[in-house]
Every structure is written in C-alpha cells, then in structure tokens.
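Q: The task is simple: from the sequences and hints, build the whole structure.
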Amino acid sequence: MAAFIIANGAAAMGDDVTMFFTFWGLNALRKPENIKVKKSFLQGMFGKMMPRGADKLGISKMNFGGMGAAMMKTVMKQQNVTTLPELIQTAKEQDIKMIACTMSMDVMGIREEELIDGLEFAGVATYLGEADEANVNLFI
Amino acid sequence: MAAFIIANGAAAMGDDVTMFFTFWGLNALRKPENIKVKKSFLQGMFGKMMPRGADKLGISKMNFGGMGAAMMKTVMKQQNVTTLPELIQTAKEQDIKMIACTMSMDVMGIREEELIDGLEFAGVATYLGEADEANVNLFI
Amino acid sequence: MAAFIIANGAAAMGDDVTMFFTFWGLNALRKPENIKVKKSFLQGMFGKMMPRGADKLGISKMNFGGMGAAMMKTVMKQQNVTTLPELIQTAKEQDIKMIACTMSMDVMGIREEELIDGLEFAGVATYLGEADEANVNLFI
Numbered sequence: 001m002a003a004f005i006i007a008n009g010a011a012a013m014g015d016d017v018t019m020f021f022t023f024w025g026l027n028a029l030r031k032p033e034n035i036k037v038k039k040s041f042l043q044g045m046f047g048k049m050m051p052r053g054a055d056k057l058g059i060s061k062m063n064f065g066g067m068g069a070a071m072m073k074t075v076m077k078q079q080n081v082t083t084l085p086e087l088i089q090t091a092k093e094q095d096i097k098m099i100a101c102t103m104s105m106d107v108m109g110i111r112e113e114e115l116i117d118g119l120e121f122a123g124v125a126t127y128l129g130e131a132d133e134a135n136v137n138l139f140i
Numbered sequence: 001m002a003a004f005i006i007a008n009g010a011a012a013m014g015d016d017v018t019m020f021f022t023f024w025g026l027n028a029l030r031k032p033e034n035i036k037v038k039k040s041f042l043q044g045m046f047g048k049m050m051p052r053g054a055d056k057l058g059i060s061k062m063n064f065g066g067m068g069a070a071m072m073k074t075v076m077k078q079q080n081v082t083t084l085p086e087l088i089q090t091a092k093e094q095d096i097k098m099i100a101c102t103m104s105m106d107v108m109g110i111r112e113e114e115l116i117d118g119l120e121f122a123g124v125a126t127y128l129g130e131a132d133e134a135n136v137n138l139f140i
Numbered sequence: 001m002a003a004f005i006i007a008n009g010a011a012a013m014g015d016d017v018t019m020f021f022t023f024w025g026l027n028a029l030r031k032p033e034n035i036k037v038k039k040s041f042l043q044g045m046f047g048k049m050m051p052r053g054a055d056k057l058g059i060s061k062m063n064f065g066g067m068g069a070a071m072m073k074t075v076m077k078q079q080n081v082t083t084l085p086e087l088i089q090t091a092k093e094q095d096i097k098m099i100a101c102t103m104s105m106d107v108m109g110i111r112e113e114e115l116i117d118g119l120e121f122a123g124v125a126t127y128l129g130e131a132d133e134a135n136v137n138l139f140i
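Chains as they are written, first to last, in the numbering used here: chain E, 1 to 140; chain Y, 1 to 140; chain X, 1 to 140.
One or more of the hints may lead you astray.
Identical copies go unnamed one by one, so any copy, or any two together, can satisfy a pair.
Claimed, not checked - Distance condition first, Cα-Cα at most 30 Å in a straight line; then the derived DSSO-like pairs of lysine-lysine:
hint: 1; residue 1: K73; residue 2: K39
hint: 2; residue 1: K73; residue 2: K38
hint: 3; residue 1: K48; residue 2: K31
hint: 4; residue 1: K73; residue 2: K48
hint: 5; residue 1: K97; residue 2: K38
hint: 6; residue 1: K92; residue 2: K36
hint: 7; residue 1: K48; residue 2: K36
hint: 8; residue 1: K73; residue 2: K31
hint: 9; residue 1: K92; residue 2: K48
hint: 10; residue 1: K92; residue 2: K39
hint: 11; residue 1: K92; residue 2: K73
To be clear, the hints were calculated from the coordinates, so they are not data collected in a lab.
A: Next comes the structure, spelled out in structure tokens:
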C-alpha cells in the first residue's frame with residue numbers, strides 16, 4: 001500500500017513512475033480467481049499458500065489472525081482512504097509502468113496469465129537501468 | 001532505530017535531514033501517557049493495541065515475547081549505544097525536521113495532541129517534494 | 001538475497017557497488033562454524049539465538065517453521081537460481097565492497113573473526129559518505 005500511495009502521489013505530481021515487483025510483492029498483482037497453469041509440485045504448493053490478489057493481503061504488522069487487516073479496511077473506508085485494489089486501478093489510469101520480476105516469477109512459479117493485465121515483464125537489469133536515471137528510488 | 005541513527009549521523013555531518021513518519025513509524029512518536037481524545041470505536045481499539053512511545057517498541061526480529069527487546073536494551077546500555085528516546089532527543093537538538101503523515105494519522109486514529117511536540121504534519125506530496133531534492137532518500 | 005541479487009546485477013553492469021550490513025544483515029556474513037571469542041553473557045545469548053551464516057537464514061515471509069526456506073531452496077535449485085552463499089561468492093569475485101557496521105557488531109557482540117573474510121569494518125559516517133555520491137541507494 002505504501003508503494004502505491006507514493007507512486008500514485010508522484011504520478012499525480014507529473015513524475016514518470018515505474019514500479020518493479022519482486023517475490024511477495026507479486027502477490028498484490030495476482031488475479032483473484034484460480035488460473036489453471038502447469039507447475040511443479042513445489043511451485044503449486046507455493047501458489048496455494050500465498051495470498052491471491054490485492055484484496056487477500058494481510059498487513060505487515062498487527063495482523064492478529066487477519067483481524068488487523070479487516071479493522072484497517074473498515075477504518076480506511078470510514079476515512080475515505082482508497083483501498084489497495086482502488087490504488088492499483090488509479091496506478092493503471094495514471095500510466096504508472098508496473099514491471100513483474102521474471103526471476104521472482106520463476107522461483108515462485110507464477111505465470112503471466114495468473115497476474116492482472118497491463119503488466120510488463122523484465123529482470124533486475126531493467127530495474128537497475130530505470131533506477132539509475134531516477135530521481136527518487138525506494139525499496140519498500 | 002536505524003532511521004534515527006542514519007538521520008542523526010547525516011545531521012552531524014552537516015546535511016539537512018527530513019524524516020517522514022507513516023503508519024507503524026508513528027508509534028515511535030506517541031507520548032507515553034494516555035491522552036484523552038475523541039475516536040471512533042475501531043480507532044480506539046487500534047490505539048490500545050499499538051505500542052505507545054519509543055520506549056515500548058519491540059524490535060523487528062528476534063522478539064521472543066519481548067525478551068529480545070529487553071536484551072537489546074541492556075546490551076546497548078553496556079555498549080554505550082544511545083536508546084531510541086535518546087536518539088529522538090538528539091534528532092530534535094540537531095534540528096532534524098520530523099513530519100508525521102496526516103493520512104496515516106487519519107487511518108490509525110492518532111491525533112496531533114497524542115504525539116510528541118515539535119513535529120510538522122503533512123501528506124505524501126510534501127514527502128515527494130523533499131525526496132525529489134534530496135541526495136539520499138531511504139524507505140526504512 | 002534481494003540485496004545481493006541487485007548488487008551483483010549492478011556490478012555486472014559495470015557499476016561500483018558498496019554494501020553496508022547492519023544488525024540482522026550481519027548474520028548473512030557469519031562463518032558457519034562456532035568461533036570461540038570472549039563475549040558478555042547477553043552477547044553470547046544473542047550469538048546462540050541468531051542464525052550463523054548464509055545457509056542458515058530463513059526467508060522474510062512464509063517461513064512455516066523453516067519449511068518455506070527449504071521449499072524455496074529446492075525450487076531455486078530446480079530453476080537454476082543461485083543460492084545466497086553463491087551470491088556472496090559472486091559479489092566477492094565482482095569486487096563488491098562489503099562493509100560490516102561496527103556499531104551493530106558491538107550491540108550484537110559479533111567479532112571480526114566470526115565473519116567471513118574480505119570484509120571492511122566501518123560506521124554510519126562511512127555509509128553516508130558513500131550514499132551521498134551514489135546514484136542508486138537502497139535500504140533493504
């Protein structure tokens with residue numbers, strides 16, 4: 001969420017923004033439905049254990065068996081703060097470039113068709129090329 | 001702690017330093033005492049569940065039900081390393097600008113009067129403006 | 001792992017890379033064997049509780065009592081992704097400068113002889129000096 005809030009803010013201020021998603025960050029980009037793809041046994045297990053999509057993600061602290069995330073969502077609605085799926089939608093509308101890390105996808109056994117539309121796919125060299133030219137560059 | 005150590009080091013070397021506190025980071029800035037303010041029911045619960053002030057915070061790993069944090073504090077005292085409340089005091093004395101994220105405060109139901117004195121209050125746009133001009137910019 | 005993948009990628013692209021290891025990050029640099037050094041009681045306890053060396057580290061999420069890390073290692077082998085000890089070896093071969101934070105070593109009671117060879121030892125001022133001149137600078 002912090003990543004999308006900062007990215008959307010920067011895009012709204014007219015900056016070019018690129019987001020590079022690795023490992024657990026990819027879970028935010030998974031489609032909510034179960035997509036049938038061929039995986040090795042262990043990749044399949046990873047796929048089952050990990051949250052599928054932005055609405056299923058917990059929060060980084062204060063989780064209390066999911067209660068923290070539910071409370072957070074309720075308070076955010078009351079305070080008119082946008083939720084993660086809305087933040088992703090805004091990022092798309094603002095033409096933020098979202099890149100999924102292909103090495104992370106290989107390790108975790110996530111296929112392109114399991115992720116939401118409109119992503120690009122690239123490796124760490126692409127990230128470094130972008131970071132080299134960027135004014136602000138965060139690891140979140 | 002890492003944030004304050006780096007910030008104080010940079011200020012001591014003559015750099016202008018701005019710290020921007022979001023979500024759980026705000027807990028380090030809460031006054032230790034219970035301040036009576038009006039909150040919604042869920043905001044009140046968040047307020048009760050979250051640690052109040054720099055002395056109550058755990059450490060990010062090796063917590064062991066609080067034992068890790070207690071050990072860490074003892075070893076730090078033995079090694080003459082400054083504690084978090086001392087680090088915050090030093091940051092104030094070095095005129096480090098500390099900004100509390102107003103959106104995070106809304107979501108978590110934290111009011112200005114619950115936080116220590118000498119803070120500024122602003123949103124993500126202010127952070128991005130500062131980050132854009134900064135030489136070094138970290139998400140911790 | 002993310003730190004070493006990004007560092008090795010940048011070095012391979014011809015950049016000068018410096019890595020600065022603090023607190024838990026130092027565990028990745030510990031020699032696997034038990035080195036006898038004089039420590040205070042609490043430092044000794046920290047030393048026993050913390051993982052010794054790159055092969056013993058868990059992963060930041062999905063740990064499941066170590067099962068996550070074992071699965072991750074197996075999948076990484078199947079996908080020909082390099083493991084952490086291999087990544088450290090590559091970093092050394094690419095002349096990446098690896099600096100251990102001396103204040104963190106004091107607090108955690110880690111001595112120079114307990115860490116792998118080829119490291120430099122310095123404090124936060126050295127880190128800030130390098131960060132100030134760097135193009136890309138991440139806190140991971």
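Q: Each of the hints needs a verdict: does it hold here or not?
A: Each hint tested on the structure:
1. K73 / K39: Intra 33 Å, inter 16 Å, cutoff 30 Å: inter-copy only.
2. K73 / K38: between (34 Å within a copy, 20 Å between copies)
3. K48 / K31: within (13 Å within a copy, 35 Å between copies)
4. K73 / K48: For K73 and K48, the Cα distance is within 30 Å both inside one copy (24 Å) and across copies (18 Å).
5. K97 / K38: Classified as within: same-chain Cα gap 28 Å, cross-chain 41 Å, threshold 30 Å.
6. K92 / K36: Classified as within: same-chain Cα gap 25 Å, cross-chain 42 Å, threshold 30 Å.
7. K48 / K36: within (12 Å within a copy, 44 Å between copies)
8. K73 / K31: both (20 Å within a copy, 26 Å between copies)
9. K92 / K48: Result: close within a single copy only, 27 Å intra versus 37 Å inter.
10. K92 / K39: within (29 Å within a copy, 34 Å between copies)
11. K92 / K73: Classified as within; 21 Å inside a copy, 34 Å across copies.
No hint from the list above goes unmet by this structure.
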